[in-house]
Amino acid sequence: MYRFIEKNFFGLAKLIAFIVAIGSVVAIVMSGLMAFEKLQATNNVRISTPIIDYQEYKNGALVIENKAEPGIFAKSIEEETDEIIKNLGTLSDEIINKDNMKTKVKVLLKLKTEKYPENIQLAYISSLNRLIKQLVADANDNTNVDEFLSWHDLQFAKSYDDQIDIQKNEQKRIDQIHTEGKELIILTIAGLGFFALFIMMLVLFRIEHNTRS
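Take the sequence shown: its position 145, counted from the start at 1, is 165 in the numbering used here, and no numbers get skipped.
If you are wondering where the hints come from, they were derived from the structure by calculation, not from laboratory data. Honestly, I wouldn't trust all of these hints.
[To be verified] Distance ranges between label pairs, derived from CB positions:
hint, residue 1, residue 2, range
1, G109, P137, 23 to 31 angstroms
2, E57, E167, 46 to 54 angstroms
3, M50, E190, 20 to 28 angstroms
4, Q187, M220, 43 to 51 angstroms
5, K192, P137, 17 to 25 angstroms
[Stated by the list, open to error] In silico lysine-lysine, BS3-like type, Cα no more than 30 angstroms apart, as pairs:
hint, residue 1, residue 2
6, K118, K132
7, K192, K178
8, K135, K122
Source: prediction; values computed, not measured. Virtual Cβ for every residue (Gly too), placed ideally from N, Cα, C.
Please build the complete structure, drawing on both the sequences and the hints.
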């Protein structure tokens, strides 16, 4: 038994080295492809324009991606604001105080939207403009503009913050995938090391075989 092992040791060792080398190649290719795929992962969640339904306000609810080019945001915001002021001006004096209303509305909207990026500021004012048209059409003695503005502000903020949370959670998931990809790269490099080691062993076995021959 000992002589058999001694006689066939190099042959067995060469076979084992060859199998391990082939296995290393397969593992290197697979881990490399998986690492590439994971590192290509991106966060595709985008913040879209929050949609606020006027019927929620009318029914008593009190909880609350604009595609315009950057160069026209300011102009669009100004136009939407002017339309809001115009529509509010059609309400009766009993419903809204119209003294210096234009300045008050502009200052109020500035304060409520300054925390948002410019595209979301436009989305906020566009949403408010759309709903104020419905409020004006539905106005009666019980209409409370201040309550309505507070309701819209809360609803819009809640919708926006929910989307931000979703985006952050998605980014955490992408970061974890990228970390796994980097770990696979390390494993791939280790696999290359093993492959090189066993190739060297095969070369040494070939040299030993030729020397014995």
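For each hint, the structure was consulted:
{"no.": "1", "hint": "G109 with P137: 23 to 31 angstroms", "in the structure": "holds, 29 angstroms"}
{"no.": "2", "hint": "E57 with E167: 46 to 54 angstroms", "in the structure": "holds, 52 angstroms"}
{"no.": "3", "hint": "M50 with E190: 20 to 28 angstroms", "in the structure": "holds, 27 angstroms"}
{"no.": "4", "hint": "Q187 with M220: 43 to 51 angstroms", "in the structure": "holds, 50 angstroms"}
{"no.": "5", "hint": "K192 with P137: 17 to 25 angstroms", "in the structure": "holds, 21 angstroms"}
{"no.": "6", "hint": "K118 with K132", "in the structure": "holds, 20 angstroms"}
{"no.": "7", "hint": "K192 with K178", "in the structure": "holds, 21 angstroms"}
{"no.": "8", "hint": "K135 with K122", "in the structure": "holds, 21 angstroms"}
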